[in-house]
Amino acid sequence: MEVHARRVGVDGPHGPLLEPTSLLVRPGELIVVAGDPGRGHTALALVLSGRMRPTTGRVSPEAAELRRRVVPVDSPGVSEPEGALPLGAAVGEELALNHVRGGRGAVADWLAARDADRYLGTRVERVPAQVRCSLALELAAGRPGAEVLVLDSPDRYHPDPPGWLDLARAHVTEDRSVVVLCTTASAALLDAPAARIGADNTPEEDR
Numbered sequence: 001m002e003v004h005a006r007r008v009g010v011d012g013p014h015g016p017l018l019e020p021t022s023l024l025v026r027p028g029e030l031i032v033v034a035g036d037p038g039r040g041h042t043a044l045a046l047v048l049s050g051r052m053r054p055t056t057g058r059v060s061p062e063a064a065e066l067r068r069r070v071v072p073v074d075s076p077g078v079s080e081p082e083g084a085l086p087l088g089a090a091v092g093e094e095l096a097l098n099h100v101r102g103g104r105g106a107v108a109d110w111l112a113a114r115d116a117d118r119y120l121g122t123r124v125e126r127v128p129a130q131v132r133c134s135l136a137l138e139l140a141a142g143r144p145g146a147e148v149l150v151l152d153s154p155d156r157y158h159p160d161p162p163g164w165l166d167l168a169r170a171h172v173t174e175d176r177s178v179v180v181l182c183t184t185a186s187a188a189l190l191d192a193p194a195a196r197i198g199a200d201n202t203p204e205e206d207r
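Just so you know, full-length UniProt numbering puts 68 at position 68 of the sequence shown, and the rest follows in order with no gaps.
None of these hints come from the bench; they were simulated from the model.
Among the hints, erroneous ones may be present.
[What the hints assert, rightly or not] With beta-carbon atoms standing in for the labels, derived distance ranges: (1) D115 to T56: 40 to 48 Å; (2) P76 to R169: 16 to 24 Å; (3) A108 to Q130: 32 to 40 Å; (4) R123 to V78: 27 to 35 Å; (5) A106 to P203: 39 to 47 Å; (6) E2 to T55: 41 to 49 Å; (7) P61 to A96: 23 to 31 Å; (8) D206 to D175: 13 to 21 Å.
Using N, Cα and C, we set each Cβ at its ideal position, and we do this for glycine too.
Full structure from sequences and hints, please.
Written out as structure tokens, the structure is:
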């Protein structure tokens, strides 16, 4: 699925939450979008996934279709699990959303298949960053109809940008794209070009 945000901006009660940003996401792409802290990473994730209406600009397709096919991953205050929640409980909730059995035994087996069963009872906030990020992406990719994953600010808990970028890249397929939102400091450490929050990132031929 192609997602096209055209100068989408979001106003908040005390000023802009997201400056006008344009972004074109095509199937099979990995896109890094960078911005300084507080520039609206989560607002952009919610707009791209049809879960927030932009104040200015527009995004296509329609919000209902975006909600079915675009998944915000580990988005702060939105889709991230509660930090004090045991990993097993958080995984069980996500498996239920994916229409997969989420009982304790099923969750333990699911984690064991990923060599993560040792963290079954560990609070999410204490799960190693690489494990947490990997599981979050896999659970999001398992959502029925998911064609775009938007990984929101993994650098807030994962200190290795190349590490989380490799995890994101592993979920790109011919039909699925992944957008990663991060800080400009993290983007500078990556061997990949980055779009910018608050800019028109649409290729010239598609404007």
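Structure-based check of all given hints:
no. : hint                     : result
1   : D115 to T56: 40 to 48 Å  : holds (46 Å)
2   : P76 to R169: 16 to 24 Å  : holds (22 Å)
3   : A108 to Q130: 32 to 40 Å : violated (20 Å)
4   : R123 to V78: 27 to 35 Å  : violated (19 Å)
5   : A106 to P203: 39 to 47 Å : holds (44 Å)
6   : E2 to T55: 41 to 49 Å    : violated (23 Å)
7   : P61 to A96: 23 to 31 Å   : holds (27 Å)
8   : D206 to D175: 13 to 21 Å : holds (20 Å)
Checked against the numbered hints above, the structure breaks hints 3, 4 and 6 and satisfies the rest.
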